[in-house]
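Undergrad: So the chains spell out like this:
There are 2 protein chains.
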Amino acid sequence: MPQEFWQGTNLPKVGGFNRAVVLDAIRANGGVSRVELARRTGLTAQTMSNIVRALIADGLVVEDGHAPSNGGKRRVMLRVVPDAYSSVGLHLDPERITGVLLDLDGRVRLRSRRRVPAGASPEAVVGALARTFHHLVQRSGIDAGRVLGAGLAVPGPLDSTHRRLFKPPNLQGWPEVALADLLEERAGLPVVMDNDATAAAIGERWAGGADRAGSFVYVYIGSGVGIGVVLGDQVYRGISNNAGEVGHVQAAGAGKPCGCGRRGCLEAYCSMRAVVAEWVAGGGSADGPVSQAYQQICRAAADGDGTAAKILRTAASRLGQTLATVVSVLDVDRVVLGGPALRHAGTLIRERVSKVLKTQVWAPHVRPVRVQPALIGEDAGAVGAACLVLDHAYSPRLATLLGE
Amino acid sequence: MPQEFWQGTNLPKVGGFNRAVVLDAIRANGGVSRVELARRTGLTAQTMSNIVRALIADGLVVEDGHAPSNGGKRRVMLRVVPDAYSSVGLHLDPERITGVLLDLDGRVRLRSRRRVPAGASPEAVVGALARTFHHLVQRSGIDAGRVLGAGLAVPGPLDSTHRRLFKPPNLQGWPEVALADLLEERAGLPVVMDNDATAAAIGERWAGGADRAGSFVYVYIGSGVGIGVVLGDQVYRGISNNAGEVGHVQAAGAGKPCGCGRRGCLEAYCSMRAVVAEWVAGGGSADGPVSQAYQQICRAAADGDGTAAKILRTAASRLGQTLATVVSVLDVDRVVLGGPALRHAGTLIRERVSKVLKTQVWAPHVRPVRVQPALIGEDAGAVGAACLVLDHAYSPRLATLLGE
Numbered sequence: 298m299p300q301e302f303w304q305g306t307n308l309p310k311v312g313g314f315n316r317a318v319v320l321d322a323i324r325a326n327g328g329v330s331r332v333e334l335a336r337r338t339g340l341t342a343q344t345m346s347n348i349v350r351a352l353i354a355d356g357l358v359v360e361d362g363h364a365p366s367n368g369g370k371r372r373v374m375l376r377v378v379p380d381a382y383s384s385v386g387l388h389l390d391p392e393r394i395t396g397v398l399l400d401l402d403g404r405v406r407l408r409s410r411r412r413v414p415a416g417a418s419p420e421a422v423v424g425a426l427a428r429t430f431h432h433l434v435q436r437s438g439i440d441a442g443r444v445l446g447a448g449l450a451v452p453g454p455l456d457s458t459h460r461r462l463f464k465p466p467n468l469q470g471w472p473e474v475a476l477a478d479l480l481e482e483r484a485g486l487p488v489v490m491d492n493d494a495t496a497a498a499i500g501e502r503w504a505g506g507a508d509r510a511g512s513f514v515y516v517y518i519g520s521g522v523g524i525g526v527v528l529g530d531q532v533y534r535g536i537s538n539n540a541g542e543v544g545h546v547q548a549a550g551a552g553k554p555c556g557c558g559r560r561g562c563l564e565a566y567c568s569m570r571a572v573v574a575e576w577v578a579g580g581g582s583a584d585g586p587v588s589q590a591y592q593q594i595c596r597a598a599a600d601g602d603g604t605a606a607k608i609l610r611t612a613a614s615r616l617g618q619t620l621a622t623v624v625s626v627l628d629v630d631r632v633v634l635g636g637p638a639l640r641h642a643g644t645l646i647r648e649r650v651s652k653v654l655k656t657q658v659w660a661p662h663v664r665p666v667r668v669q670p671a672l673i674g675e676d677a678g679a680v681g682a683a684c685l686v687l688d689h690a691y692s693p694r695l696a697t698l699l700g701e
Numbered sequence: 298m299p300q301e302f303w304q305g306t307n308l309p310k311v312g313g314f315n316r317a318v319v320l321d322a323i324r325a326n327g328g329v330s331r332v333e334l335a336r337r338t339g340l341t342a343q344t345m346s347n348i349v350r351a352l353i354a355d356g357l358v359v360e361d362g363h364a365p366s367n368g369g370k371r372r373v374m375l376r377v378v379p380d381a382y383s384s385v386g387l388h389l390d391p392e393r394i395t396g397v398l399l400d401l402d403g404r405v406r407l408r409s410r411r412r413v414p415a416g417a418s419p420e421a422v423v424g425a426l427a428r429t430f431h432h433l434v435q436r437s438g439i440d441a442g443r444v445l446g447a448g449l450a451v452p453g454p455l456d457s458t459h460r461r462l463f464k465p466p467n468l469q470g471w472p473e474v475a476l477a478d479l480l481e482e483r484a485g486l487p488v489v490m491d492n493d494a495t496a497a498a499i500g501e502r503w504a505g506g507a508d509r510a511g512s513f514v515y516v517y518i519g520s521g522v523g524i525g526v527v528l529g530d531q532v533y534r535g536i537s538n539n540a541g542e543v544g545h546v547q548a549a550g551a552g553k554p555c556g557c558g559r560r561g562c563l564e565a566y567c568s569m570r571a572v573v574a575e576w577v578a579g580g581g582s583a584d585g586p587v588s589q590a591y592q593q594i595c596r597a598a599a600d601g602d603g604t605a606a607k608i609l610r611t612a613a614s615r616l617g618q619t620l621a622t623v624v625s626v627l628d629v630d631r632v633v634l635g636g637p638a639l640r641h642a643g644t645l646i647r648e649r650v651s652k653v654l655k656t657q658v659w660a661p662h663v664r665p666v667r668v669q670p671a672l673i674g675e676d677a678g679a680v681g682a683a684c685l686v687l688d689h690a691y692s693p694r695l696a697t698l699l700g701e
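So the protein sequences, as listed, match chains A and B.
Residue numbers for the first sequence follow the working numbering, beginning at 298 and rising by one.
Residue numbers for the second sequence follow the working numbering, beginning at 298 and rising by one.
No lab work stands behind these hints, which were simulated from the structure alone.
Mixed in with the good hints, there may be bad ones.
When chains are identical, the list treats them as one kind, so a pair holds in a single copy or across two.
Simulated crosslink set (BS3-like; lysine-lysine; CA at most 30 Å straight-line) [what the hints assert, rightly or not]: (1) 370 with 652; (2) 464 with 652; (3) 607 with 655; (4) 655 with 464.
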């Protein structure tokens, strides 16, 4: 029986947890008084006062002005100090590496992109990731001691420790690679890794405040298709840390060949690569890397090309059918669509997915489902990766600061 | 923003939670020492000692013998007092009502069955449920004050408050019915209600100890098809309390008509009713109510009838395909199959579902999936319903006893 099955709550743990809750509440509300914080967190005024004093002493939080008077004494407002600490997010996509430097407020301060040559070896990719990391830190001029670490978003599947990539079908020819450890050695700072859909979902959760509270599924559509699951404000990871790996479930009985070696997978119908392949199979022309060719198809659809529009709608319908099962089993009321595929045909895809969910999710009067565009655009993977570091559960440095 | 988003942990709440954790740990381990409890729960010896003293004073726990000596002082063992309190579980199935009386150990002390005539009105059904309840309590001879309440398992969907049934497709002609309140009035005790698959999953969780720890999905196959989701030892209910309602997701493009008025639903292929309909459509004869006819088909399959076996295998394959998506998104390693449909063709169905999951769940080396028979047999719904009451989060009386 796993130890946590019977885990009670002891006081030292409660202290660290409460500090993280308070910091997160100050951050997400962008200016809040101690009284308001106590009300929102359910903590006593005394506990709150102690936690806030420690956060101020550590330079994470600052008093900043007063709330408007409501008759009585005006309350002192608290804010997070945005540049007290930073984190770097790196997204490894089969076509390119995107890097961002985020402040403690979750804002992108710097951005960097680098192409990945087709068929690049794991060693070459680790080198490129490390260079992107060092480049961002150097350009920022930030003291290295103020960088909490690096987050790395990758196509799944991962091993259950989150340190190794497990023969990713979208990085063909790669064996099992200890990517997080290799990068950590080169970066000289802690590296946390997650699959791109989960990382992007964490980014939405951080960026979204009330709009991304509660439970939702985030669907990342790019080179692959994956889902990030947020339940009750928490990212849900599953027993092997591969929750949301739906790219290779069967979307049709005996269908199109997939990069994973099987047939009929969801990715073989809905990824950018699949849409381009379908277009080319129908006689369409497509130039350059997949993302560029996909963009051309989206433009054609927008310009009235019926074939292009039909290919995109069919892909969205297949996705919607799988999402109907996902939404029904998880009982969530929001589906967020994001990733590079949404950039140029977002409305068309959202409308079609929404239509399929309306007809296929049972009892829509009990649980209506909204389909929403992601708040974070094409940098979703990288921003999410940086948020992995800010997510206190993941960050050894932040955990230490928070007294855990 | 929901209040719980920022909820910290205050001490009074921790106390009640820890009492429930300790009681549950004593119950599930069936004889355990204070030292062992402290180790398992992570609570301090002092906290544990205080909690155990209170549980003994309330008559819920008793000291019972000593652990074998390991050289030092022999440790006093603690056990739950099984008949300190009881609960009644009622399962409403389109064909019949099953009632059980459970002790605090989760053991069935009494059982009662009652047929539901086809087309029975909500009023008639409430009357039959109340009679089953009173009959069980009277037969048991237990003081009414020692009955914690009644749990009611029903076909979904439920409204989000868990008090009303929402036009269940398997109870045709029923409007929205405030079933829990109506029964509470007649029973004179608190009634908690949940859908049958979730209730059955809770029953497995209670009965299973280490075998049902962690995360699993419980698939209930009977008049309908539903899933109960257990994640990290907790039943997952979703935002509208309808998590796992997969009976009406599309199993095939444009398929068989379903009781819900649409076509191609999973239930239209996998429920007992669907299997009987397929058999009859192929010229097979089937007598009596659905459960009886289904049993005849299972017997025919066991006796070598290829048509019967094929119908059952096809139904299991469709179920397996939907489960592949469910398992992939939730990342669980166990699927438990239960409910009346498993009673006579359990092995055939399990083998087929297992085969489909092996080929359709990605990266089986990262997360192998086991398909297991349910621990609780045909009374799964009723036993689960009684466990709803024992589940401290649900039971006002038990919550009071536990000091929440």
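Undergrad: Work down the list of hints and note, for each, if the structure agrees.
TA: Hints, verified against the model:
1. 370 with 652: The answer is neither: 52 Å in one copy and 69 Å across copies each exceed 30 Å.
2. 464 with 652: For residue 464 and residue 652, the Cα distance is within 30 Å only across copies (23 Å; inside one copy 35 Å).
3. 607 with 655: within (20 Å within a copy, 33 Å between copies)
4. 655 with 464: This pair counts as between: shortest inter-copy Cα distance 18 Å, intra-copy 36 Å.
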